[in-house]
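Go ahead and model the full structure; you've got the sequences and the hints to work with.
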Amino acid sequence: MFVAAGLIVWMNFYPMVRGFYFSLYRGVGAQMEFAGALNYLRMLEDTQFRQTIGTTFFYLLIQVPIMLITGLALASMLNSPGLKAKGFFRTAIFLPCAVGLVAYSLVFRQMFAVSGIINTIAMNLGIMETPFNWFGSTWSARMIIILGLLWRWTGFNMIFYLAGLQNIDRSIFEAARIDGANVFQQFRKITIPLLRPIILLTAIMSTNGTLQLFDESFNLTGGGPGLTSRTMSHHIYSTAFEALIPQIGYASAMSFVIFIMVAVLAFIQIKVGDRR
Amino acid sequence: MKIRFSRICMYVFLSFAAFFSLAPLVWTLISATNANADILRGTLLPGTHLISNFIRLNELSNLGMAFWNSARNAILSTFLSVLICSLAGYGFEIFHSKAKDRFMGILLLSMMIPFAAIMIPLFQLAANLNILNTTLGFMLPTLSTAFLIMLFRQSSRSFPREMIEAARIEGLNEVSIFFRIYVPTMKSTYAAAITITFMASWNVFLWPRIIMISPDSITMPLLISNLMAGYVADFGVIMLAVLIATLPTVIIFFFLQRHFAEGVLGAVK
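Chains as they are written, first to last, in the numbering used here: chain A, 1251 to 1526; chain B, 31 to 299.
Simulated from the structure, these hints should not be mistaken for laboratory data. No false leads were mixed into what you were given.
Covered by chain B, per the in silico footprint, the following chain A stretches (three or more residues, Cβ under 8 Å):
| hint | segment |
| --- | --- |
| 1 | 1331-1343 |
| 2 | 1349-1359 |
| 3 | 1401-1414 |
| 4 | 1460-1472 |
Please read these numbers as outputs of a predicted model, since none were measured by experiment. Every residue gets a Cβ at the ideal spot worked out from N, C-alpha and C, and that includes glycine.
And the structure:
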């Protein structure tokens, strides 16, 4: 137990403090010099970083609500009595979770390539005349990332909801139905309130995950076109490890800003989730 | 009539979701057996190029090495981190006190620290400890996670205390109580923990991308990512690599799927 706790402190809290310490410095290696808040001031004028923040929040605001609502809807459908082929649907929708992030990024990248299957099918069906370069425009590149995220994670959230729903006594739904509540009313008045803790949990996990998005940005779109689909983590990685002159101090400062954002958002979600 | 209609809607929606989920996987499977030219033509039928794709993949990359690295890293880190975290979760719950509960609360905060925020100091730490390119370096940051500890701690709530008392009277020591009584009883929690940890460590990308600098220590996710970046414009070969990288987690998934839901449920309750 103390080993475990010690490891967490050593591997999480200590680097956090170190990171903050680095963020006050600039330069490379032995030539690090104290810079105070300079890195943070620089961030205010850094349009690239601002853009990656915007992109990440764009993913967050579009993808997380769609995913959670779809996941909930799927879970309550799978929970309805008398449904046939339940096991098949559950397994099929949950299966993408078994696929690695890099692996599915590459599959989606191939599918949406200029000579990929999506273009080929669309052209054969006569929807498009010429192949469309999905990764050539900001919006379609971002949409593909969102589509990929939905594909990968909806089933994961669904399983959590399904586990929660199976705990709810079926007679509650039965009673509501007899009282004349339709499917949507049941959904709003029974499912959502009773699953609140689990919804809160999944919302926090998804927010956290989306703000830390890296693999998809790196592998699926390469952050392009330009830097327009690049996420914050990807930007930090490339500032710290890919740049010709690694800017450890500045990258640490950006990391610290992400930490603050994640913490604030989680805090808001917990407050909102508790209040109702 | 009304019920009938909503039922049909449900099947349509579920079928669509299932199709959306399965189509990319099926397409991957098909592409892995086809030659590049056929894939570009948009074929949807399985082909006969599986073996030639495999041979070509081995020429282009060190597949065996990467697979072995991934397997070793993932198995070792799953085993150790499930062991450490279950011991910790057990300890936090069975011998709990006010102070320990508060301490757990602080540990839970670590779940909010984004990896991006600590990767630079972690990299320097790993470099200073001289564990770049090693399994130890690979697993050190995730050996103990607050998430797993919490999973075991919450699940231990339903563990009957009387069994521990009875075992103590029988004269079993604390270590054998844990291994002989607790572990067998908590099977489904272990299954869930193993699934989660194995998948995470098999698929982890950013951390090995940073510390696995030597080409001999790359893992499967790095291998397929490199294939793509290396301008190997052979879709069949890349899809086969993706398939091979996905197979182990899919197998684990099918074995432990049922337990996964139970284990997670036990913790959420």
